[in-house]
Amino acid sequence: MAASTPTGIRDEGLTVEQALGAPGTPVGQSNLWKDAWRRYRRNKAAVVAGTTFLVIVLYCIVWPIISPYSGNEVDFSIAKEGPSLAHPFGTDKFGRDLFTRTAEGGRVSILIAFGATFAILAIGVVYGSISGFVGGRLDNGMMRFLDALYGLPYLPFAIITLAIIGHTDKWTMMIALSIASWFTTARIVRGQVITLKENDYVRAAKAVGARWYRILARHLLPNTLGILIIAIFLELPAVILGEAFLSFIGLGISPPDASWGAMAQEGRATYRTHPIEIVVPSIAIASLVICANFIADGLRDALDPRTKET
Amino acid sequence: MALLEVDDLRTHFFTREGVVRAVDGVSFSVEKGKTLGIVGESGCGKSVTALSIMGLIPKPPAQIVSGSVKYEGRDLTRLSERQLEDVRGREIAMIFQDPMTSLNPTLTIGTQITETIRRHYDVSQKQADKKAVELLEKVRIPRAAERLGDYPHRFSGGMRQRVMIAIALSCDPKLLIADEPTTALDVTVQASVLDLLDDLRHEYDMSMIIITHDMGVVAEAADDIIVMYAGQVVEHATTLELFDNPEHPYTEALLGALPQLEGANVREGRLTAIPGRPPDLLAPPKACRFAPRCRYAGSDDCTEHEPELREIRRGHWVRSAHPASERAKTPEPQQVGS
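Protein chains in written order, with our numbering: chain V, 1 to 310; chain U, 1 to 338.
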């Protein structure tokens, strides 16, 4: 019964007795997420990136609440100040506190990034799983349609979408950024579903009368979860950069509202005399993107141990 | 009326290379409470027959081109997918060859059993859990209640096959199809799983179809046996009759290939093998499909006319121009088999 030893023994340096307890006692369950977390922790870069990511997100959520300033508070008497104790990132040309404004801009940027990413996943999962699960002619048709859409360049398509909708806010930004970027996710999910549906346990489930929606929801989609979580963190950087780009060229979030892209755009005017105004949002964007990439890397090792066991 | 009557079933695979006649005119019936064994070597159409009964053949490329599968008088081949789903598990259950891959690794054993129960019965999760524990005890899994929350990787192959049996039995089916239930298991485990199946069959008053390539398995478990070759039934008799008086040259050869440990036929040295290989089902031999490997072929026109499945004795059907009892003078001195 104790034949399957928990994989943690070797790593935790336990003896078999310590890990399994006295003979006869039930073996402690080690579940998938515990195992994944253990493997994730072994990747130092991913741990640092994950921590940084959380710190940035927390700062964006919490700081605007406890900050003594408002990000839109104009005070020309303290315009263009350098970093100080009162204003850690200094102030911009209107005297707004950049530390607060960066957090407020980050809220918008991160909200758009996550919103668009989940929209991408939702569309991709629905499209991909239908295509892969039904198969045959429908699959063929849906995939050829996807091939045609693949030719669409992502940013121009987002710009056109924004122009058609006619106004720009957080929600339309999410639509614009997700509308032309779900193709890869759909393909990944389709591939997974096609592989998984050939499994014996799917046939066994059919043999006891399981209906198609049960098979899809119980046996196929949960097994794509690992890949989807990785996909989130692979998709995030692209969306963050897309949002920043659109706002920077003036098509995204526009002043006085802040997003990191919009702040960089404002800072561009004074980058020679007062560079911190463009440097701060740029570093924020860059660090979030880099962190997301490292997290994706760590998650890949954690959730799909076959790829690499270091 | 028999519980299951399969009549002239033909399941063909329409592939790019041509039509593969995997099952080509198979008929048999399973009486209530009886066990039917289907034997034959790999690729003879045993599994496709079983999957055709369940309506689980992959369409396309496979298709049931003719014949009927009557279960309690209802023709399963004419049911819609939705109606079939209600039959599967509830009326006819199936267990598969490989227990290592037939359970979903991401769901607990308990979930996989109770989901099946709740698919067919309107019971609460609590009641389903209780029934799942009973089932696990029935299939002799120790500390059943504790193991409900375990994932499949914590079970050995034999235990997983027991879990598969528990799932198959969860909705009290009247017919259990076991497709090579012990092939992937250790020999010692094989025996215990077969015993378990036989006990449960009596307890639940089920009929059973056991598909195997192991003559030893059917000898113990089956009441009747059909021998399949290249998509056709070549011999059909009760177990005793088949082992005592095999008629078809193929059956004789199969029995002759069994290793004998005691008795008059103990052989020294190498085991006997059947020469040649099974025919390509894309282009099977025109007449008797066993003719190319048959030691009696060629003495008359049996390579020209396809032999019919005929009743050579009461309850003993054979498809051959040269059944053992009609071979007055054996062309070769050495008689194979018992």
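The hints are simulated quantities; they were obtained by calculation from the structure and are not laboratory data. Note that the Cβ used here is the ideal one computed from N, Cα and C, for glycine as well. The reader is advised that the hints may include incorrect statements.
A few chain V positions that, by computed beta-carbon distances, are all more than 10 Å from chain U [unchecked claim]:
1) 56
2) 57
3) 78
4) 94
5) 107
6) 200
7) 205
8) 207
9) 208
10) 209
11) 222
12) 297
13) 301
With a straight-line Cα cutoff of 30 Å, these simulated DSBU-like cross-link-like pairs (lysine-lysine) come out [said to hold, decoys possible]:
14) 32/U - 34/V
15) 130/U - 34/V
16) 174/U - 286/U
17) 34/V - 126/U
18) 59/U - 197/V
19) 32/U - 197/V
20) 34/U - 197/V
Short, incomplete list of chain V residues facing chain U, as computed with Cβ under 8 Å [to be verified]:
21) 197
22) 199
23) 203
24) 206
25) 255
Status of each hint after checking the structure:
1. The claim that residue 56/V lies off the interface holds: its Cβ sits roughly 33 Å from the closest Cβ of chain U, which is beyond the 10 Å cut-off.
2. Look at residue 57/V: its CB is around 29 Å from the nearest CB on chain U, clear of 10 Å, so calling it non-interface holds up.
3. With 10 Å as the threshold on Cβ separation, the claim that residue 78/V sits away from chain U holds: the shortest Cβ distance comes to roughly 57 Å.
4. Chain U leaves residue 94/V outside its interface by the beta-carbon criterion, the shortest separation being 54 Å against a cut-off of 10 Å.
5. Remark: the non-interface label on residue 107/V is consistent with the geometry, its nearest Cβ contact in chain U lying 36 Å away (cut-off 10 Å).
6. Not every C-beta of chain U lies more than 10 Å from that of residue 200/V, the closest at about 4 Å, which undercuts listing it as non-interface.
7. With a cut of 10 Å on Cβ distances, residue 205/V falls inside the contact zone with chain U, its closest approach being about 8 Å.
8. The Cβ of residue 207/V sits about 4 Å from the closest Cβ of chain U, inside the 10 Å cut-off, so the non-interface label is violated.
9. Distance check on residue 208/V: its Cβ comes as close as 3 Å (rounded) to a Cβ of chain U, failing to clear the 10 Å threshold; non-interface status is violated.
10. Separation of residue 209/V from chain U is inadequate, the least Cβ-Cβ distance of about 4 Å not exceeding the 10 Å criterion.
11. The claim that residue 222/V lies off the interface is violated: its Cβ sits roughly 6 Å from the closest Cβ of chain U, which falls inside the 10 Å cut-off.
12. No Cβ of chain U comes within 10 Å of the Cβ of residue 297/V; the nearest lies about 23 Å off, and the non-interface call holds.
13. Non-interface status of residue 301/V relative to chain U is upheld: no Cβ of that chain comes within 10 Å, the nearest being about 19 Å off.
14. A threshold of 30 Å between alpha carbons decides the hint, and for residue 32/U with residue 34/V the separation of about 50 Å lies outside it, so the pair is violated.
15. Restraint check for residue 130/U and residue 34/V: the C-alpha separation of about 29 Å stays at or below 30 Å, so the hint holds.
16. Of the pairs offered as hints, the one joining residue 174/U and residue 286/U is violated, with about 39 Å between alpha carbons and a cut-off of 30 Å exceeded.
17. Taking the CA atoms of residue 34/V and residue 126/U, the gap is near 28 Å; set against the 30 Å cutoff, the hint holds.
18. Of the supplied pair hints, the one linking residue 59/U and residue 197/V holds, its CA atoms being roughly 14 Å apart against a limit of 30 Å.
19. Distance hint between residue 32/U and residue 197/V is unfulfilled; the C-alpha atoms sit about 34 Å from each other, more than 30 Å.
20. Note on residue 34/U and residue 197/V: the hinted pairing is violated, with a Cα-Cα distance of about 34 Å set against a maximum of 30 Å.
21. About 11 Å separates the beta-carbon of residue 197/V from the nearest beta-carbon of chain U, more than 8 Å, and the hint is not met.
22. With a cut of 8 Å, the hint placing residue 199/V at the interface with chain U holds, because the nearest CB-to-CB distance is about 7 Å.
23. At a threshold of 8 Å, the smallest CB-CB gap from residue 203/V to chain U is about 7 Å, leaving the interface hint in force.
24. Here the hint on residue 206/V is kept, as its CB sits about 6 Å from the closest CB of chain U, short of 8 Å.
25. Taking 8 Å as the C-beta cut-off, the interface hint given for residue 255/V is violated, the closest approach to chain U being about 49 Å.
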